[in-house]
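Participant: Below, each chain spelled out in residue letters.
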Amino acid sequence: AQKITQTQPGMFVQEKEAVTLDCTYDTSDPSYGLFWYKQPSSGEMIFLIYQGSYDQQNATEGRYSLNFQKARKSANLVISASQLGDSAMYFCAMREGDGGYNKLIFGAGTRLAVHP
Amino acid sequence: DAGVIQSPRHEVTEMGQEVTLRCKPISGHDYLFWYRQTMMRGLELLIYFNNNVPIDDSGMPEDRFSAKMPNASFSTLKIQPSEPRDSAVYFCASSPPGLAYEQYFGPGTRLTVT
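Residue numbers (the numbering used here), protein chains in the order written: chain A, 1 to 116; chain B, 1 to 114.
So here's chain A without its partners, still in its complex pose (with noise of 0.2 Å):
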């Protein structure tokens, strides 16, 4: 079973306006950890924002914020006020264990155009 998944391909919004980005996991280790990152064109991989299992409050890094619904096991990218340079891959990543494992499993991403 995938253990993180993307089920949009590829998503398009217009310049300024909100998009979510769907990822939902699946995990029977209480603690784990979620993450976004960002492979724009040019091939990096940009760390976005992380939730852990056990925080209370949605993650938010100016505009990016995690819609972390723990019961319905999702975590979603809402990327507010989207830029031209927003445009990019992003990839949901989760973590599993808080024994210093530090496996990353990554889902097979979603691909974001900005259009002006």
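A portion of the hints provided could be inaccurate.
[Stated by the list, open to error] Taking CB as the label site, the calculated pair distances span:
1) A:Asn67 - B:Gly42: 45 to 55 Å
2) B:Arg85 - A:Thr5: 22 to 32 Å
3) B:Phe74 - A:Thr20: 36 to 46 Å
4) B:Ser7 - A:Ala71: 37 to 47 Å
5) B:Met15 - A:Ala81: 45 to 55 Å
6) B:Met39 - A:Leu84: 23 to 33 Å
Simulated from the structure, these hints should not be mistaken for laboratory data.
Just so it is clear, CB atoms sit at the ideal spot from N, CA and C, and this is done for glycine as well.
Got chain A; can you put chain B on it based on the hints?
Facilitator: Just chain B now, kept in the frame of chain A:
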């Protein structure tokens, strides 16, 4: 602070040749990861080290691939002999320990095997 450094950035080689990819993690990080990214398979973890010791190499495709970390500031991923299907972008990443720490990725090495 310097980020994760990878070399070379691009490598073109002929089938059958040996290829060595290099990585310098961020100072103070004790986890190092090697990933491979292809259109077909996405981002796959090949192997990771903790304190220079390989912890999980279950993602290494086959015996043609080997990775070493002789010290805390250097790691290599070697492919011998290389094959066209090894063409991909290879990323190195490092992180401090702990669940909450993101992995910091290097710029990647784009490998083309002809």
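Participant: Do the Cβ positions of serine 7 of chain B and alanine 71 of chain A conform to the proposed distance bound of 37 to 47 Å?
Facilitator: This hint holds: roughly 46 Å between Cβ atoms.
Participant: The hint says 22 to 32 Å between arginine 85 of chain B and threonine 5 of chain A; measuring C-beta to C-beta, is that right?
Facilitator: For threonine 5 of chain A against arginine 85 of chain B, whose Cβ atoms are near 26 Å apart, the range 22 to 32 Å holds.
Participant: If I claimed the Cβ atoms of methionine 39 of chain B and leucine 84 of chain A lie 23 to 33 Å apart, would that claim hold in this structure?
Facilitator: Cβ of methionine 39 of chain B to Cβ of leucine 84 of chain A: about 24 Å, so the range 23 to 33 Å holds.
Participant: I want to verify a distance hint. Is the separation of the beta carbons of asparagine 67 of chain A and glycine 42 of chain B within 45 to 55 Å?
Facilitator: violated, 23 Å
Participant: Looking only at beta-carbon atoms, does the pair methionine 15 of chain B, alanine 81 of chain A fall within the given range of 45 to 55 Å?
Facilitator: holds, 48 Å
Participant: Could you say whether the range 36 to 46 Å given as a hint is met by the Cβ separation of phenylalanine 74 of chain B and threonine 20 of chain A?
Facilitator: holds, 41 Å
Checked against the numbered hints given earlier, the structure breaks only hint 1 and satisfies all the rest.
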